[in-house]
Amino acid sequence: MSAAIQACLGCGSLLFPARLICPRCGQDDFSTVQAEHADVQQTTQLADGTLLATLTIPNGPHVIARVTGGTTVPGDSLPLTNNPNAGPGVHAFIPVRSNVNENQP
Amino acid sequence: MTVSIIGTGQSPYTRHPSAGTTTSQLIARAVSKALHDAGLQTSDVDGFAVSSFTLAPDHAIDLAWRMGLRLSWLMQDTNGGASAGGMLQHAVRAIEAGDANVIVLAAGDLMDQAAFSRLVASYNKATEDHLAPLPMNGPNALFAMLTSRQMERLGLCREDYGRIAVAQRQWAMDNPAAVYRKSLSMDEYLNAPMVATPLGRYDCVPPVTGADAVVLVADRSKGTPRAKVLSVKASYNSDQQSDDGLATGLQACASSGWEQAGIGPSDIGLACVYDDYPAMVVAQLADLGLLSDQDNPADFIEHRIATGLLPVNTSGGQLSAGQAGAAGGMHGLVEAAAQLMGRAGARQVTARHAVVSGYGMVLYRYGACATMSVLEAAQ
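Protein sequence lines correspond, in order, to chains A and B.
Heads up, the first sequence is in my numbering, so the first residue is 1 and it goes up one at a time.
Heads up, the second sequence is in my numbering, so the first residue is 1001 and it goes up one at a time.
Source of the hints: derived by calculation from the structure; they are not laboratory data.
Nothing here was measured: the structure is a model prediction, and the numbers come from that model.
Quick reminder that beta carbons are idealized off the backbone N, C-alpha and C, glycines included.
Hints are not guaranteed to be accurate.
Among chain A residues calculated to face chain B with C-beta under 7 Å, some are [as the list claims (entries may be wrong)]:
| no. | residue |
| --- | --- |
| 1 | Pro17 |
| 2 | Gln27 |
| 3 | Val40 |
| 4 | Gln42 |
| 5 | Leu52 |
| 6 | Arg66 |
| 7 | Thr68 |
| 8 | Pro95 |
In silico negatives: residues of chain A with every beta carbon more than 12 Å from chain B [to be verified]:
| no. | residue |
| --- | --- |
| 9 | Gly12 |
| 10 | Leu15 |
| 11 | Asp29 |
| 12 | Ser31 |
| 13 | Gln41 |
| 14 | Asp48 |
| 15 | Leu51 |
| 16 | Thr54 |
| 17 | Pro58 |
| 18 | Ser77 |
| 19 | Pro79 |
| 20 | Gly87 |
| 21 | Pro88 |
| 22 | Val90 |
Sequences and hints are given; from them, build the entire structure.
Okay, here's the thing in structure tokens:
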């Protein structure tokens, strides 16, 4: 399992959500890379039971995800996915459109 | 600076707008009240700015036309909770540059359940692509996790945030325009239904329908109660959404804001900070320097805010008065100006200087816009 993340071809910065120009180096050439895991920083449970989390991708951005397939606590490392029905096991679901970078088909 | 606010107006906030209510009507009503408060007429106005999420298909020029305004300066701001400060910043410069003499700033929204649902589902591209499909309906969950980070960083607990909500409700009891005026106890706060852990019902602003406006003029009329603008600063994308959101953009502009005003945090007798959540009250008071590094945050809340020793959000803030869409950013400015002009009724405080902050536009995880205004009571 993995989730699509934007990578700057100029400086290698990992970015999410995708940018149009890299905030670090100013270049506008990007690729899409797959991030496999991220570390849970905080969670919040909504009134309907939905569990959401803030996670940090190693050497990358903070992302907001829905926790699927179970529960988690800060400090856990969870597999990332763009599939809301991923399984089995606990995953961090990050919704994306079909492409992360707007200039790519 | 040589510009002052001489009038404020509000279209009454309501949770349940009557059928047929329109955003344009609400804003026009607030503008009329502000002009009446200033002793002016629409024919005196030559500058106008507006912020609204629900004004479409109209724009600022349509609204100005429908209100009968003939203008030499016009703007429309889209930065939600930071829009009032942004419009004020531009308006002050416009008056100083001679582009206009009398400027009305207005903000308002028809924010019923349907409008709120539309707004939060398509707030921006990041929301449409990455948050709404989670699903996430509005920013409560984001600020719940931000609050958890702040609790851990500052050693705060739910009771500390409760003291802010309870204190603001105490102020709201003396504000006829607040939608919630019934006293709020700590037990009621703590036992309210959970919205997104650790946020309960009273940690979250109630969306309301309403509008706010202020009238700005060059400082010429001695003897007229006014709120003189000592400084206006803004900060956008100060950290590119790469940090934890515990510091707002105010941290980047507060120093120059105080320097321009010629006073410091210790001179402030009233703080109207953007209170979409109690945690953001704490964050902004810290970024402005009112809650200093030497202060214990929990003690500061209990002994300065809860006691009213430092009056904070004396209208009841958005937490009790309501968040009227883009008018949420204008709410604190109207309250601060009314207080400094001695027109705050039963909740009137004695203050010579007030600081107003705006905060807003959650790009992905927290707000990207911040504004700071320092006002002084003058005659």
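Hint by hint, here is what the structure shows:
A least Cβ separation of about 4 Å between proline 17/A and chain B falls short of the 7 Å threshold, and the interface hint therefore holds. Nearest Cβ of chain B to the Cβ of glutamine 27/A: about 15 Å, over the 7 Å cut. The hint is violated. This hint is violated: valine 40/A has a C-beta 10 Å from the nearest C-beta of chain B, more than the 7 Å allowed. A distance limit of 7 Å between C-beta atoms decides the matter here; for glutamine 42/A the minimum to chain B is near 4 Å, and the interface restraint holds.
Hint status for leucine 52/A relative to chain B: holds, with the closest Cβ pair at about 5 Å, below 7 Å. Contact between arginine 66/A and chain B, as hinted, is supported at the beta carbon level, the nearest pair being about 5 Å apart and thus within 7 Å. Because the closest C-beta pair between threonine 68/A and chain B is about 10 Å apart, greater than 7 Å, the hint is violated. A distance limit of 7 Å between C-beta atoms decides the matter here; for proline 95/A the minimum to chain B is near 4 Å, and the interface restraint holds.
No Cβ of chain B approaches the Cβ of glycine 12/A within 12 Å, the least distance being about 15 Å, so the stated non-interface status holds. Taking the minimum C-beta to C-beta distance to chain B, about 9 Å, the non-interface status of leucine 15/A is violated against the 12 Å cut. Taking the minimum C-beta to C-beta distance to chain B, about 18 Å, the non-interface status of aspartate 29/A holds against the 12 Å cut. With a closest Cβ-Cβ approach of about 18 Å to chain B, serine 31/A is found to remain outside the 12 Å limit, as its non-interface label requires.
At roughly 8 Å from the closest C-beta of chain B, the C-beta of glutamine 41/A falls inside 12 Å, breaking its exclusion from the interface. With a minimum CB-CB distance of about 10 Å to chain B, aspartate 48/A fails to clear the 12 Å threshold, and the non-interface call is violated. Residue placement check: leucine 51/A does not keep its beta carbon more than 12 Å from all beta carbons of chain B (closest about 10 Å). Its beta-carbon lying about 5 Å from the closest one in chain B, threonine 54/A breaks the requirement of being farther than 12 Å from that chain.
Look at proline 58/A: its CB is around 15 Å from the nearest CB on chain B, clear of 12 Å, so calling it non-interface holds up. A cut-off of 12 Å between C-beta atoms confirms that serine 77/A is not in contact with chain B; the least separation is 18 Å. With a least CB separation of 17 Å from chain B, proline 79/A remains clear of the 12 Å interface cut-off, as annotated. Even its closest Cβ contact with chain B, about 17 Å, leaves glycine 87/A beyond 12 Å, as expected for a residue assigned away from the interface.
The beta carbon of proline 88/A is kept farther than 12 Å from every beta carbon of chain B, the shortest such distance being approximately 21 Å. Non-interface call for valine 90/A relative to chain B: holds, since the shortest CB-CB distance, roughly 16 Å, exceeds 12 Å.
Checked against the numbered hints given earlier, this structure breaks hints 2, 3, 7, 10, 13, 14, 15 and 16; the rest are met.
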